[in-house]
Structures are given as structure tokens and as C-alpha cells.
Amino acid sequence: AQSVSQHNHHVILSEAASLELGCNYSYGGTVNLFWYVQYPGQHLQLLLKYFSGDPLVKGIKGFEAEFIKSKFSFNLRKPSVQWSDTAEYFCAVISYSGGGADGLTFGKGTHLIIQP
Amino acid sequence: GAGVSQSPSNKVTEKGKDVELRCDPISGHTALYWYRQSLGQGLEFLIYFQGNSAPDKSGLPSDRFSAERTGGSVSTLTIQRTQQEDSAVYLCASSTGTTSYEQYFGPGTRLTVT
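Residue numbers (our numbering), protein chains in the order written: chain A, 1 to 116; chain B, 117 to 230.
Don't take each hint at face value.
Here's a subset of chain B near chain A, in silico, CB distances under 10 Å, partners left out [as the list claims (entries may be wrong)]:
1. 128
2. 150
3. 161
4. 164
5. 223
It is worth saying that the hints were derived from the structure and are not from the lab. All residues carry an ideal CB built from backbone N, CA and C; glycine is no exception.
Generate the whole structure from the sequences, applying the supplied hints.
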């Protein structure tokens, strides 16, 4: 079974600091990778996704992530965070079995707090 | 257009009772997923429907959990004889079911078993 590891459970940063959240997955076959965000009191929203092609993907709100196949990693980055980025961030992977895509496997999440 | 909707938003039930949770996917989305979000376990995949095909039940935690999808649209997740460990937020997501497989999530149903 595949698994997803997020390195940091809680991260506290000041506004304008740079952000990098680590994500590693275990599956060796074809995968698609996602980062979802859950703002306080809101439902899960897609930040960005990787399916194929350029391993550096850009998402909403200035976020980007880099897929490094050799390291089984898909780290999330943002050069300058804002107070409004305070949220829970989830890395997820979807694998493909013979019948099609399976459900998403999520990491445990990283709780990001941005201090003004 | 409307997003994924779920009802009820909150449900409090007594241990041993049955509950039904409803999900209405985005119109035209053929794939529907149920997940559970709890403090101890994080986000767990429960079950997946693709069109009218038999669902993938591999993630259901016990035989007390079942789900159905009528007419390829609305889905109901049923938990029989609820236990306290069933307390969680139950999330539904839908996707077009094509190669993108991007899933759109609903607001969830918060289930509390007392």
C-alpha cells in the first residue's frame, strides 16, 4: 500500500518568510500528486497538481511544487507567505490500478501558522 | 455552478444508532468518493464510485459501513450501530472521472457519537 509522509506537523513563520513543506510518497508506479489546503472553517481546496510534463508546477495564491521522481518527493514552496496562508496543508497521491484511479492517499497534514 | 453538497452539516447520535449521510456531487461528475477526517487518523479514503460500476469498498473500516449511489448521482453513506470511534468529519468528493482525476470536496458532515 502506498503512503504519504509530510515532514512537519506544525510550522510557524512570520509574514514574508519563505515556505517549504516536505512531502514524500512511497508508491513506485504511475502517480499523480496534489497539494490541498484547508483554511479555518472551510473545506478542502486544491492548491496545485502534478500529472506529467514539467516537474515544477504552479498553483493558486503563489504556491508552487517540484516533483522529484528520484526522491519520491513533491515539496510545496512559496517565496513569501502572508497571514492569510494560515491553514492546514495536505499532500496527496493517487495511484492507478487496473481499473482506473483509486482514492487519494493523504499525508497527515501540516498546520501552518503565519504570524503578522 | 454549484459545488459538492453534503447533508446534514452536523449530526449527533447515540451509540448504537444508525446514521445516513448524503452527498450530492457536482453535476456531470461521474466519480464520487467518500473520505473520513479524524484527529487520530487524518484523512482516510473509504469508498469510490465510478459511474454505474460496482464501488471499490476497499477502504471501508468495518462491515457496519455501507454506501450506495442512486442513478449515478446522489450517494448515501450509512453507518450502522454507530460507535464512538466513528466520530469524525465525513467528506465527499467528486470528479469528472477522466484522466485528470481532480477531486472537488464538499464541506463535510461532522458526526458525533455520544
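A quick look at each hint next to the structure:
1. 128: violated, 19 Å
2. 150: Holds. Min distance 8 Å.
3. 161: Residue 161(B) check passes; min Cβ-Cβ to chain A is 3 Å, inside 10 Å.
4. 164: holds, 5 Å
5. 223: holds, 5 Å
Checked against the numbered hints above, the structure breaks only hint 1 and satisfies the rest.
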